[in-house]
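> Single-letter residue listing:
2 protein chains.
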Amino acid sequence: MAHVERMKAEIEQDAKRPKPTLEDLGLADVTKQVVSMEDDMVVEAIEREMIRVAVSILEGNGFSYKVPVSSNANVMYVKELDRIVLKDKITERAFASLGTVRKTALMTRVMELVREICTKGIHVTKRDMFYTDVKLFKVQIESDAVLEEAAAMLGCTRASLNVVASEKGQVVGRVSFKEAGDLIDCTKMGIGGKSIPPHMDRVTELKGDAKFVLLVEKEAAFMRLSEDRFYNTYPCIVITGKGQPDVATRMFLKKVKETLKIPVLALVDSDPYGLKIFSVYMQGSKSMAYDNASLVTPDIKWLGIRPSDLDKYKIPEQCRLDMTAKDIETGKSLLEQDFIKDRPEWCKELKLMLRTKQKAEIQALSSYGFQYLTKEYLPRKLREGDWI
Amino acid sequence: MAHVERMKAEIEQDAKRPKPTLEDLGLADVTKQVVSMEDDMVVEAIEREMIRVAVSILEGNGFSYKVPVSSNANVMYVKELDRIVLKDKITERAFASLGTVRKTALMTRVMELVREICTKGIHVTKRDMFYTDVKLFKVQIESDAVLEEAAAMLGCTRASLNVVASEKGQVVGRVSFKEAGDLIDCTKMGIGGKSIPPHMDRVTELKGDAKFVLLVEKEAAFMRLSEDRFYNTYPCIVITGKGQPDVATRMFLKKVKETLKIPVLALVDSDPYGLKIFSVYMQGSKSMAYDNASLVTPDIKWLGIRPSDLDKYKIPEQCRLDMTAKDIETGKSLLEQDFIKDRPEWCKELKLMLRTKQKAEIQALSSYGFQYLTKEYLPRKLREGDWI
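Residue numbers (our numbering), protein chains in the order written: chain A, 932 to 1319; chain B, 932 to 1319.
Note that these hints are calculated values from the structure, not bench results. Since the model is a prediction, treat every value here as computed from it, not as a measurement. Do not take every clue at face value.
Chain copies aren't distinguished; within one or between two, either way the pair holds.
[Unchecked claim] Listed next, the in silico DSS-like pairs over lysine-lysine satisfying Cα-Cα at most 30 Å (straight line):
| no. | residue 1 | residue 2 |
| --- | --- | --- |
| 1 | Lys1142 | Lys1109 |
| 2 | Lys1066 | Lys1263 |
| 3 | Lys1109 | Lys1186 |
| 4 | Lys1051 | Lys1020 |
| 5 | Lys1185 | Lys1119 |
| 6 | Lys1257 | Lys1069 |
| 7 | Lys1306 | Lys1069 |
| 8 | Lys1173 | Lys1109 |
| 9 | Lys1066 | Lys1173 |
| 10 | Lys1312 | Lys1066 |
| 11 | Lys1142 | Lys1272 |
| 12 | Lys1057 | Lys1288 |
| 13 | Lys950 | Lys1257 |
| 14 | Lys1057 | Lys947 |
| 15 | Lys1279 | Lys1207 |
| 16 | Lys1257 | Lys947 |
| 17 | Lys1173 | Lys1119 |
| 18 | Lys1057 | Lys1243 |
| 19 | Lys1069 | Lys1282 |
| 20 | Lys1207 | Lys1173 |
| 21 | Lys1069 | Lys1243 |
| 22 | Lys1057 | Lys1207 |
| 23 | Lys1288 | Lys1069 |
| 24 | Lys1138 | Lys950 |
For reference, chain A alone in the conformation it holds in the complex:
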């Protein structure tokens, strides 16, 4: 565990150093990042916006919203921050224009609903929101999209609007917190673990003596670690987003990392899809670029399963799978991405994968026995500090 201790010390040191801001980097063409807001601040921001609209109408200037553009052309990767940010392009949506009248109406209705939710201090799902006015929204994808735009326009994180998607992440291990007043001790959550709280603003007093976070892609690995109480032997917090992580899981990971100042080691499948999951946790998604500052956890270490592990740990041939043409294409496009290019060791691993054309799931380790993961593979990785 000496390697883990060293990383933890580095992270604590690093936390004391001031971080470069968008201003420091001279990124004048980048949108001011959104901030997390309390319910009453959101209500105030909405009322301010509506008063602005009312005044504009009374002055004879009509009714429009200024919405940040979320297209691919308006996002960029900032190396110093290691995350995707939104640029400053704004579009003006007028009510008195055939092309934008509908979106303007939707935006007004969404703000009305969000104001109701925040005034009551409750949380609802995206599906609930859509269903309050099916006839207006027509398909859920429309209300979801306008919701993101409302957050970006109001300058707050989407979570601040108290509208959440479904939840699917799970956590177990050496961490405790209060969720809506209830004390949750994740060392006492049986094998199933605790569902990651959907509303991060209800999570307080997070603490724990974990030395690292073990972030696992797959639920099967989570259950193995949980049943074997891996966190008793190696003080850690095990988190899974079950594939592509949702917003709640990403916010929870970020909160754990920032509060406890411990390294995050990730265990994903050795395939291009595993690397894509890294990119969502670390750089954020393009569709929520305005909100990435509150969602991303930079500096996650790639513990395994790495392409070079397949030979190092002698994964039998019959447990390796051939990459499909689609896999290879995805892998090649990842080689072009900034967050891979900036990490020469990751590049090397990805190139090895593309050369051997072999992939393997975490479960491939089961070929040496179901507990090989918890009894051999991870202990050796931790002893040798074998991550990149």
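Since chain A is already given, all that's left is putting chain B on it; use the hints.
Structure of chain B alone, referenced to chain A:
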């Protein structure tokens, strides 16, 4: 709550009456139902089977397994038990036959793996099992199918084999239990609730003062009930399987109902799919017919959203959806199913749905405000005893 109290008293009375067994019903052509077995009993059953095989080979009679047939023709609905059971057709799979050699090899390997798991007293996922021998199993659907057959042949529930699928159910409310030794109090699980334990054999000491179970189809409704702490005002246990329930959720519901002897009221979408979910909880699935006795919870009441609720609760037109041709077809086929035919009130509701050609999700209630479900709809339903 008088209606709920009355039902609870009936269920307690009913629990004292002896249940008809397959023998009582004179169902000679029905397979002996499987039973739940401890790890050492499973190991013993496997070893007994393998000794039988060895003796057969030594005696010159070759190597074969006798496997219950799981095709549609070999299952039947038993009205008195209100569940789907497996009939007695058996197929003999010989190793020395081109058509069955592969399945026989797979079955042998699966039993070897299950024996390892049960000897160690651990649990693994279906995916883990598949991955221990990818080259033999080829696709996971094959190892999954053989696993079911092994359980049916050995005469134990699939859960007894310690191989589970993924978990997705959640629970919150007035129930507590021990999971692998940890005390889990579901009144203190925040808003996210507790993940339903994947391994029911690790769940002990289940208790609680709940008067009923509220079984909800959708996660969004679960989160609403959880955030509003509905179970504080109405002492209940809220369970969701997030759509089609998995085995763990069904076993958990059954355990709760049988231990606490309380009624189960279900809240599903008003569409044919909602009724299909009922059938899985109540009658079980055909593919696991051999195991249904350990999985089904008969006598679940249909609280809502019922087709007649749409007018009774004045669900606005814009929140109702038109049924698709596929919906109507599914609805018509449900009318033919025994568990619907045996419930005249359900029949009436389904016919109403097919006549109006309208469906609605639970979320349609949000049109009267996000908390209409917890503050108006459910309190009225409970006050009036409005379920069928």
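> Quick check: which numbered hints come out false for this structure?
4, 13, 14 and 16
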